[in-house]
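Novice: Working from the sequences, and respecting the hints, build out all of it.
Protein chains: 2
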Amino acid sequence: MPAPRTISLDAMGGDAGPAVVVPGAAIALERHPGLRFLLFGNAARINPHLEAHPALVERSRIVHTDAVVEMRDKPSQALRRGRSSSLWLSLEAVQKGDADFMVSAGNTGALMAMAKLVLTTMRGIDRPAIAGQWPTLRGTCIVLDLGANIGATAGQLTEFAMMGAAMARAILHIERPRVGLLNIGVEEIKGIEEVRQANAWLKENEFGIEYCGFVEGDQIGQGIADVIVVEGFAGNIALKTAEGTAKQMAAWIREAFSSSPTAKLGGLLAQTGLRALKDRMDPRRFNGGPFLGLNGIAIKSHGGTDALGFASAIEVGHEMAESRVIERLSSDLDALHGKLGEPQRVRGSS
Amino acid sequence: MPAPRTISLDAMGGDAGPAVVVPGAAIALERHPGLRFLLFGNAARINPHLEAHPALVERSRIVHTDAVVEMRDKPSQALRRGRSSSLWLSLEAVQKGDADFMVSAGNTGALMAMAKLVLTTMRGIDRPAIAGQWPTLRGTCIVLDLGANIGATAGQLTEFAMMGAAMARAILHIERPRVGLLNIGVEEIKGIEEVRQANAWLKENEFGIEYCGFVEGDQIGQGIADVIVVEGFAGNIALKTAEGTAKQMAAWIREAFSSSPTAKLGGLLAQTGLRALKDRMDPRRFNGGPFLGLNGIAIKSHGGTDALGFASAIEVGHEMAESRVIERLSSDLDALHGKLGEPQRVRGSS
Chain A
0 MPAPRTISLD AMGGDAGPAV VVPGAAIALE RHPGLRFLLF GNAARINPHL EAHPALVERS
60 RIVHTDAVVE MRDKPSQALR RGRSSSLWLS LEAVQKGDAD FMVSAGNTGA LMAMAKLVLT
120 TMRGIDRPAI AGQWPTLRGT CIVLDLGANI GATAGQLTEF AMMGAAMARA ILHIERPRVG
180 LLNIGVEEIK GIEEVRQANA WLKENEFGIE YCGFVEGDQI GQGIADVIVV EGFAGNIALK
240 TAEGTAKQMA AWIREAFSSS PTAKLGGLLA QTGLRALKDR MDPRRFNGGP FLGLNGIAIK
300 SHGGTDALGF ASAIEVGHEM AESRVIERLS SDLDALHGKL GEPQRVRGSS
Chain B
0 MPAPRTISLD AMGGDAGPAV VVPGAAIALE RHPGLRFLLF GNAARINPHL EAHPALVERS
60 RIVHTDAVVE MRDKPSQALR RGRSSSLWLS LEAVQKGDAD FMVSAGNTGA LMAMAKLVLT
120 TMRGIDRPAI AGQWPTLRGT CIVLDLGANI GATAGQLTEF AMMGAAMARA ILHIERPRVG
180 LLNIGVEEIK GIEEVRQANA WLKENEFGIE YCGFVEGDQI GQGIADVIVV EGFAGNIALK
240 TAEGTAKQMA AWIREAFSSS PTAKLGGLLA QTGLRALKDR MDPRRFNGGP FLGLNGIAIK
300 SHGGTDALGF ASAIEVGHEM AESRVIERLS SDLDALHGKL GEPQRVRGSS
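Protein chains in written order, with numbering that gives the first Met the number 0: chain A, 0 to 349; chain B, 0 to 349.
For identical chains, the list gives no copy identity; a pair is met inside one copy or between any two copies.
Cut-off 35 Å, straight-line C-alpha distance, at most; resulting in silico cross-link-like pairs (DSBU-like, lysine-lysine):
1. 73 x 246
2. 338 x 73
3. 338 x 95
4. 202 x 338
5. 115 x 95
6. 73 x 202
7. 73 x 95
8. 263 x 246
Hints are computed from structural coordinates only; laboratory data are not their basis.
Specialist: Following this line, the structure appears as structure tokens:
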């Protein structure tokens, strides 16, 4: 039986701070009554939100600090003045072993910079990747990197494959995930050198994954793979573009059902099905992106999510902690580096 | 009054060849009765399709050739054996002044390689870009590059801005188009060096456009700009991802309306609105991507489109020819290169 989990929360992160973090924790506690919480932040601002959740009060400890990293702080600013911030302290709790994982809805750049310093990166990893969940016709897939790295060497793309596979095992419970490499054109003659080299390595070696070769952007949503690997610039653009297209279509659907009284009636009759459609795409269900490649679990929640969305981010961390993802990934990466050798992994200037 | 246009068509290109090209030309002729067509390809295969379109027969001349570039030929193979191919000859008709523009649904890589050789690139341009039309909540925007270039220097991104603006003037009839630079994060501290440098140039100079700074992937579909500029790897992935997301949502909508007898009735009542939604996203309406930066107009049609889609691609070429896009773009690029100077435009190795 696994030990009860302690979760470290940056209570001040995100657009709404404790007004979302506290009720989010309450939802997570309902799902997993054994959880304990460390809430880092301004006690006077956290306490009023706790009042509505007596069960949570019993399972929580507030660690007061006045210092907060602002959403608009540059990573360098955050680092200079942020070592007593709720963000830094919530990471430190994981590093010290006081918590099993941390969640923050705060400043992504600051979280990345601090997580690297506090949790440190795994052996051979320069910079973690950010992974996310993507709704598909067949369920959910993991896409990474979503913007932590701009450009990626073949070695980094191969590392992302291992990281994404580790997350798929933890979150999707697929022991041997199908992994695809995002490219333009499915013919092997196409694509950049780094992507082609990563393709060759993933094909030639046994890494405990089902490698399915190149995939194109329109195949992500079909669920052609459990893990989609891409460098961070294109990955971030793909994710945002998919979100934008979904919103655009939702606006058109609303318009279609308000175009006439008959259409409005049609919408009423189909409302159960339409609500299911809305639920399927609900971004709150897919909230929570782990930083992979760190010696500890740090989850980034969207800054503008609500309590339900924040609870999803906690769930991601919980699944990862349950599946002992750090130990497994660390040994997978060591095996990868052993197979490919040091010289091949040398980073370019990108 | 503009002169009647002559259009050069690669009748053998695409999945269906003349079975799509010929009826596509017939639709274009209905829209613009003054058009003339040069049909390059196998006369024995073209003629049977012409029989159903007597008006088109009168306005067409078949230029017979047996040689065809196959969809799976590599550009180098196509170049070696393709100088008598329908693709090459249809480009040559534009270069010789026998036609105002050409359209092919054939092999993209071969079309690119041959177009560079036959039409040649504009002064200072190494490689053309491929542009496309993207449906938005506010109408249509132009996105480029869609994959002709992998990676782009700041100078190339700035050139893409000029090329996209020229296309927006021709197709969207907007004299001073809003141009955005696709990036990850809207803060100026984010993004790669090339994108940041292009941003600075576009801000500091007057290029006859309304520069609106960085845009993110989710803003494309909102119609925040008339032209979206991005290097070809991320641009191709963004386009394909949007197409995939639209298909995914269409599948979910169909499911929502077949989930129960009541929902089916609802779908029937809303069918006018739903059909309008389908029309809005119909990829055939947005078919036809010009290669920009060439001394001549070459339009790539999707290889799998039908006659209606092929007619859209002809329409794109027609609008571009009407607006004298080549002359205008050529002088805009000269002005750009004059402003930015040669050294700044030096290409990187990417």
